[in-house]
Amino acid sequence: MDDCIFCKIVAGKIPAKKVGENEGAIAFPDINPCAPVHILVIPRKHVASLNEVEDGAVMAPVFALAEKVARDQKLDQSGWRAVINTGPDANQLVFHVHLHVLGGRKMGWPPG
Numbered sequence: 001m002d003d004c005i006f007c008k009i010v011a012g013k014i015p016a017k018k019v020g021e022n023e024g025a026i027a028f029p030d031i032n033p034c035a036p037v038h039i040l041v042i043p044r045k046h047v048a049s050l051n052e053v054e055d056g057a058v059m060a061p062v063f064a065l066a067e068k069v070a071r072d073q074k075l076d077q078s079g080w081r082a083v084i085n086t087g088p089d090a091n092q093l094v095f096h097v098h099l100h101v102l103g104g105r106k107m108g109w110p111p112g
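Sequential numbering from 1 applies to the sequence shown in our numbering.
Hints were generated in silico from the structure; no laboratory data involved. Do not take every clue at face value.
Cross-link-like lysine-lysine pairs, in silico, DSSO-like; alpha carbons within 30 Å at most [said to hold, decoys possible]:
#1 17 - 68
#2 17 - 45
#3 106 - 18
Could you build all of it, start to finish, from the sequences and the hints given here?
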């Protein structure tokens with residue numbers, strides 16, 4: 001999509017400090033971190049939200065990369081949270097599905 005900021009990052013039109021990538025996804029730090037480690041993992045293919053995921057193969061690389069990023073950030077032993085906001089009421093701000101990898105501190109429950 002021409003107006004999607006995450007598509008522009010995937011295309012290299014907007015720079016991002018990639019902390020990981022695979023064939024179907026890329027990962028980069030959130031510009032407004034909510035935890036000491038806050039990485040976004042996005043599919044290379046544009047899908048607006050989980051409501052539009054029609055093929056699980058789009059999300060498999062996202063989940064695989066999220067686990068690798070958590071391990072690379074040394075969160076795998078202490079714990080980490082994976083969050084996907086879907087829709088305006090869930091606070092989805094960019095309508096390109098993305099997974100937040102959050103860690104580096106104790107997380108509270110319930111969230112939000």
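Q. Which hints, by number, does the structure contradict?
A. none
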